[in-house]
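Colleague: Sequence:
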Amino acid sequence: MTASATAAPGPPADPSMLGRLGGLLMGLTSGVAKAAAIGYVGVCALAFAFQRKLQYFPTTEHPPAVATLPPAYGDIEEFTVRTEDGVTIRGYHLPVPTMNIAHTKHPKIHLLQLHGNAGSRYHRIPWAHYTRVRLGCAVTLLDYRGYGGSEGKVTEAGMILDGKAGIQWAATRANETGSKLVLHLESIGSAAGICAAAALRRDARGGDIGVAGIVAEGGLSSCIEIAEKVFSFLPVRLMMKDKWDGVCGAAASLDPAMPFMSMHGTRDEIVPFWCGKKLFESSSSTRKVLKEFKRGGHNNLADQTGYIEALDEFYTTVESL
1 MTASATAAPG
11 PPADPSMLGR
21 LGGLLMGLTS
31 GVAKAAAIGY
41 VGVCALAFAF
51 QRKLQYFPTT
61 EHPPAVATLP
71 PAYGDIEEFT
81 VRTEDGVTIR
91 GYHLPVPTMN
101 IAHTKHPKIH
111 LLQLHGNAGS
121 RYHRIPWAHY
131 TRVRLGCAVT
141 LLDYRGYGGS
151 EGKVTEAGMI
161 LDGKAGIQWA
171 ATRANETGSK
181 LVLHLESIGS
191 AAGICAAAAL
201 RRDARGGDIG
211 VAGIVAEGGL
221 SSCIEIAEKV
231 FSFLPVRLMM
241 KDKWDGVCGA
251 AASLDPAMPF
261 MSMHGTRDEI
271 VPFWCGKKLF
281 ESSSSTRKVL
291 KEFKRGGHNN
301 LADQTGYIEA
311 LDEFYTTVES
321 L
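For the sequence shown, position 234 (counting from the first letter as 1) is numbered 234 according to full-length UniProt numbering, and the numbering increases by one without interruption.
If you're looking for bench data, these hints aren't it; they were derived computationally from the structure. There could be a bad hint or two in this list.
Restricting the straight-line Cα-Cα distance to at most 25 Å, the calculated cross-link-like pairs of lysine to any residue (SDA-like) are [said to hold, decoys possible]:
1. Lys288 to Ala199
2. Lys243 to Ser282
3. Lys277 to Ser253
4. Lys53 to Glu151
5. Lys294 to Tyr130
Have a look at the derived ranges for each label pair, beta carbon to beta carbon [unchecked claim]:
6. Phe57 to Pro235: 16 to 26 Å
7. Val32 to Glu78: 55 to 65 Å
8. Ala36 to Thr80: 48 to 58 Å
9. Lys53 to Pro235: 32 to 42 Å
10. Val230 to Ala36: 51 to 61 Å
11. Gly207 to Arg82: 14 to 24 Å
Here the structure is a predicted model, which is why all the values come from computation and not from measurement. Note that the Cβ used here is the ideal one computed from N, Cα and C, for glycine as well.
Model the full assembly from the supplied sequences, consistent with the hints where possible.
Modeller: Shown next, in the form of structure tokens:
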């Protein structure tokens, strides 16, 4: 007869050892949580401190002298304008071309372009030259504060004041030549221009502000909506200074009789198409049109088939009123 082999019970666990192990694990967990919390707060602090460097990318230096630009661009006038808060900003004016190659379709259309968040007016000269030669119009390019040799530092409130000053300058020039002023607003320039136009209309108590039409190219309904999607892990709404969340309200407050066109690429990787469509839907205009470019991104709409034709048609509408 063999006895069954039964393992002898081990010694009881040392309560003090278990306690030390539990404390160690809790300490490690607490340490990781603290480190993560500190790291997250650090990321938030950095994002808050440098947020405008993440939002605006100005070329700050003054562009080359006009006299050094390629002769093919024709006459370019450099001008300055002083904003209502005393900041001097700079711009270029390209008059209606007189060259034989010009298609003088719209000699009484004067464009004011407010550009996007990167570069300066210097980088928009090729677009301005192309547009005025193809369509025979005058073009004014404006740099916000902090861009292209303009004084100051860029902020939402400052850009709106810059837009107001630019509109007033261009409206005066358009009036002198018997032209109609059209705002051509690129990307965040749509926010600046629409908010500026709305502010001028409030100042005029609903009266005429000298703007005959608005084109929003890659326009946006707000910056905060985009930022919340890009930086979904951050409390963006609490942190962001320049939310640009009044754009749709401003668009709704403009003169309903003013023609409005939104041009947007469905492949826009910076300002999603839905954002531009929301701005379009917010416009109070009874003469508004949405031009979708199926192959268009954020920075290549001018290369798309139908771009110039859309502008041509829009200018014709403005001239007919």
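Colleague: Take the hints in turn and mark each one as holding or not.
Modeller: Status of the hints after comparison with the structure:
no., hint, result
1, Lys288 to Ala199, "holds (21 Å)"
2, Lys243 to Ser282, "holds (17 Å)"
3, Lys277 to Ser253, "holds (17 Å)"
4, Lys53 to Glu151, "holds (17 Å)"
5, Lys294 to Tyr130, "holds (22 Å)"
6, Phe57 to Pro235: 16 to 26 Å, "holds (24 Å)"
7, Val32 to Glu78: 55 to 65 Å, "holds (58 Å)"
8, Ala36 to Thr80: 48 to 58 Å, "holds (51 Å)"
9, Lys53 to Pro235: 32 to 42 Å, "violated (19 Å)"
10, Val230 to Ala36: 51 to 61 Å, "violated (22 Å)"
11, Gly207 to Arg82: 14 to 24 Å, "holds (23 Å)"
Checked against the numbered hints above, the structure violates hints 9 and 10; every other hint is satisfied.
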